[in-house]
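Peer 1: In case you want the letters, here they are:
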Amino acid sequence: MQELGKAELNSTRIIRQNDNRVVIEKDLDTEYMVLSMGPQHPSTHGVLRLECITDGEVVVEAEPYLGYLHRCFEKYCEKVDYPGIVPYTDRMDYLAGMNTELAYCIAVEKLLDVEIPRRVEFIRVIVSELNRIASHLVAIGTYGIDLGAFTPFLFCFRDREHILNLLEWISGARMLYNYIWIGGLSYDVPADFKKRVAEFVTYFRPKALELQKLLTENEIFVKRTKGVGIMPAEVAINYAWSGPMLRGSGVKWDLRRNDPYSVYPELDFEVPVPDGRFSDIGDSLSRHLVRAWEMDESLKIIEQCLDKMPEVEGFNSRSAIPKKIRPKAGEVYGRAENPRGEVGFYIVSDGKSTKPLRCKARSSCFVNLSAMKDLSKGQLIPDLVAIIGSIDIVLGEVDR
Amino acid sequence: MDNGMEEAGNIMPAAVQESKAAYDIIKERFGSAVSEFDANPTMPFFEVVDTSKWVDIALFMRDDSRLKFNYMACLSGVDYPEQNQLGIVCNLESIGHHTHRIAVKVKCQRDGGSIPSVSCVWHTANWHEREAYDMYGMTFDGHPDHRRILCPEDWTGYPLRKDYQVQETYHGIKVPY
Numbered sequence: 001m002q003e004l005g006k007a008e009l010n011s012t013r014i015i016r017q018n019d020n021r022v023v024i025e026k027d028l029d030t031e032y033m034v035l036s037m038g039p040q041h042p043s044t045h046g047v048l049r050l051e052c053i054t055d056g057e058v059v060v061e062a063e064p065y066l067g068y069l070h071r072c073f074e075k076y077c078e079k080v081d082y083p084g085i086v087p088y089t090d091r092m093d094y095l096a097g098m099n100t101e102l103a104y105c106i107a108v109e110k111l112l113d114v115e116i117p118r119r120v121e122f123i124r125v126i127v128s129e130l131n132r133i134a135s136h137l138v139a140i141g142t143y144g145i146d147l148g149a150f151t152p153f154l155f156c157f158r159d160r161e162h163i164l165n166l167l168e169w170i171s172g173a174r175m176l177y178n179y180i181w182i183g184g185l186s187y188d189v190p191a192d193f194k195k196r197v198a199e200f201v202t203y204f205r206p207k208a209l210e211l212q213k214l215l216t217e218n219e220i221f222v223k224r225t226k227g228v229g230i231m232p233a234e235v236a237i238n239y240a241w242s243g244p245m246l247r248g249s250g251v252k253w254d255l256r257r258n259d260p261y262s263v264y265p266e267l268d269f270e271v272p273v274p275d276g277r278f279s280d281i282g283d284s285l286s287r288h289l290v291r292a293w294e295m296d297e298s299l300k301i302i303e304q305c306l307d308k309m310p311e312v313e314g315f316n317s318r319s320a321i322p323k324k325i326r327p328k329a330g331e332v333y334g335r336a337e338n339p340r341g342e343v344g345f346y347i348v349s350d351g352k353s354t355k356p357l358r359c360k361a362r363s364s365c366f367v368n369l370s371a372m373k374d375l376s377k378g379q380l381i382p383d384l385v386a387i388i389g390s391i392d393i394v395l396g397e398v399d400r
Numbered sequence: 001m002d003n004g005m006e007e008a009g010n011i012m013p014a015a016v017q018e019s020k021a022a023y024d025i026i027k028e029r030f031g032s033a034v035s036e037f038d039a040n041p042t043m044p045f046f047e048v049v050d051t052s053k054w055v056d057i058a059l060f061m062r063d064d065s066r067l068k069f070n071y072m073a074c075l076s077g078v079d080y081p082e083q084n085q086l087g088i089v090c091n092l093e094s095i096g097h098h099t100h101r102i103a104v105k106v107k108c109q110r111d112g113g114s115i116p117s118v119s120c121v122w123h124t125a126n127w128h129e130r131e132a133y134d135m136y137g138m139t140f141d142g143h144p145d146h147r148r149i150l151c152p153e154d155w156t157g158y159p160l161r162k163d164y165q166v167q168e169t170y171h172g173i174k175v176p177y
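From first to last, the protein sequence lines stand for chains A and B.
Take 1 as the starting number for the first sequence in the working numbering and just add one per residue.
Take 1 as the starting number for the second sequence in the working numbering and just add one per residue.
The following block holds chain B by itself, in its conformation from the complex (with noise of 0.2 Å):
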């Protein structure tokens, strides 16, 4: 959480320096748009810190042929209280032209917070998104399809948030047990 690797520098494991070396190609091309990479040894990542450039910096990093990160394994929401923000992480790699990984970051904050939506760029997103939206409650810009997934249309809110209150009753079921 905090980037008390970073100054691991030159003992990074081979797998974080290939995401390095793909974070530093994402970095030249975006700059300030992107933070520092977190050289973290079980799953290294970079945040997006200009939210407006995610799907830019997405379909960059599907395309370019140096990345061509055609593959997105997970795209999990996550809430930090602390910071009064929600985000998703998203774990792209690979499949079939490179063999690096990274996790990308993004945040956006707590009470209607939205982040631009990605299921264009990556299909699997469209669900994950959706899953994100329905536990976490922040919206996706330009989701084609945006719906609570597996709780019902009608539930009050956002479960997997740590401030979460569960409603007393649903159509005359207690919830609560």
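Looking at chain A on its own, in the form it has when it is part of the complex (with noise of 0.2 Å):
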């Protein structure tokens, strides 16, 4: 046990247990502070606000507010035709575009029945795997800079910086890509594309192990996540974390495997939890490992993809694209594994329509912020900012 401070006349103590939970002694009497963390706030990681009831230093309570950055996503998809919805979900998570695109073609086309030539599904998935790798070294680089350490941030930015420049090459756009379409892709990649991804892939190797040692291993940072913010598996699963979230909790759950779409069957990759070696299992520190894992994860996706995406003379990306989308009635529930977690997308068609009848975005962001409440009861403050980053929070997805 560790006596972390006392308050004014010596009538409370906060005492961090060797479980690492924070405990305030009983029959103190300190006054109650409302504290506005928010929505201009570096730690929030964008326009949200969280309403923290502080006991001293401690946190009895934090409340987010969301929706400042609300643009009813699901309003305009009832405005404008299916292809049209593609650019809004960049819109969603602008941090991983194509992993959302990918979701929402993938649940427009279980409606469509539409066979993708394959190797339409082998580049889609290089570019969400790159994707995926780009929006990690945001989350980890910018949870560096939570915790103080600034390092990191600008290395995670440099690499990341080379894979936006491959995929502004392909789609012609840094962020918001409109490459994956329904049934399709925009534009084929260009003819060096796969010796430049290779090329990137085995840059990026030694780099992601320089980052491991600047963070991962680095004393401050793990003192500052391990133990904080323990989540248990149960609870995870019953608030439907998802992603790096759920997998640091411990359960090996990962859409790519569990319900498998475009080639991910055919690829060799392991979904990465936490053994429990390096952090306490659920806490924030495992989360942010489950992240760095991953990456390699992707890399070796890539790779395979590169090895096996077919060569075609001739090819035309959009020869799979149906002349008018317009969906059979029924509904579908299509979803993905995007950098934060799920994202589905849960679409009406009533068959005569260009436009869907509703088309409801499962947000990963938004399920995974709503355990924000059960997760910073007790916490030290300092704590609070290292729980935020670790869920790594998209505003744009969370507020849609």
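All the pointers check out, no bait thrown in.
Incomplete in silico selection of chain B near chain A, CB under 10 Å: (1) P41; (2) S76; (3) R148; (4) L150.
Lysine-lysine pairs mimicking DSSO-like chemistry, simulated, CA-CA at most 27 Å apart: (5) B:K53 - B:K105; (6) B:K20 - A:K328; (7) A:K110 - B:K107; (8) A:K75 - B:K105; (9) A:K323 - A:K352; (10) B:K107 - B:K53; (11) B:K105 - A:K110; (12) A:K328 - B:K162.
Partner residues are not named here, just some residues of chain A that face chain B (Cβ under 10 Å, in silico): (13) H70; (14) K110; (15) E234; (16) Y239; (17) G330.
Hints in this document: simulated from the structure, not taken from any laboratory.
From the three backbone atoms N, C-alpha and C, an ideal C-beta is built for every residue, glycine too.
Since each chain comes alone in its own frame, lean on the hints to assemble the complex.
Peer 2: Listed below in structure tokens is the structure:
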């Protein structure tokens, strides 16, 4: 047991117990203070406001307020036709546009029953895995900043720039791609694409290791994150956590494996989960570790795709796209594994219109963030920052 | 939306058959409180007819060892203007126990309708139900924190209803552009 501090007149004691829980000694009589964190705050990763009720340095309750970036994506969806929704999906999770596009296209394609060319499938997987690495680099870099480590952030952004250059080269945009279309791709990849992606993979392998050394093996970083914000697996599932958050709690659940789509069943990769050697399962460090490990797995996937991707002479990436996209009447819930978890689209089609009757986006960050109130109870304010950072929210996706 | 797929019978895909098996267990327990099974190949679902039983059904689905629907992937509000109804669609599945998935629909009347809240069964329903309320205006009985979530607290109307008319001004700011 470690005593962390005493309040005035020595009536209060804050104690960190051996299992890392912070306990305030009873029959204290301090005044609660409301501390508004955000909407403009460097550690909330966007316009999120946390209304914290604090007891000294301890957070009694933190209530998230969202909606500052709400654009009513779902209302737009009812006004534009199916292909027109793709650019809007980019603007949900703007750090992982390719992955969100893929999730949306998978959902619509389930209703359409189109046969996707194999080359298209491989390109889709390559770009979304590249995007996953880029997104994890931002997550890891900004997490470092949250905890006072500035250098890894610069390293992350330097490497992310390579990926953004590649994606800009194939789609014309750095972040909002509109590249994956329903039934195909907007363009085939340029001639040298394979070579340059392979170059990137060889370049990035040692850099990823370097990043591990900078952060994951950094004593200060580990001290700040280990044992902070522990989420037991059962509760995580009940909160419908997904992606690195759920895997950080030790649940081996990855939609690429558990509800396979595209060509993932053909690919050989691991679903990394923490085993308790480096971190306490379910804590902030576990979630960080899962992201770091996933980057390696993504590199593996990209390499395999480069090998397996068929070369087709005069390939037309739009060949399978229907002239008029009018899905049969029905409803579908299609989803994909985003860097932040499960992104799903619930789409209702009436079979007559070229616009969906209803298109609901299930956002991974929205769901992951909903556990914030439980996670923050009894934490110290600096630990609250560590917890928000580990959730890795993108407010564009939370608010849609 | 309609039940045109029902006679598909024995040619159901394996995933739909799994959902059907799960549905049979629920049907056996709750009888007429749930509707017939819709073997829709893209999203098999059933409807809760007796909404007052929804929380019991949810608890049963989560806790029964044969079902173990412990993961609520999504909860979407839906507007059904023709039937003058609002509803929710819940996509459920089981992590670590079974491989089956199923969707559940619960409907209520359009004006002043309410649906029992299942946020005590699946914590994730808490925010999803707030969002459904925010966008469609049905209330969720027994919800611990029944407020708007994405729109401002003093916003008028429910944006995703099909007949939604946007307000002219909001705190002196012109709204429609």
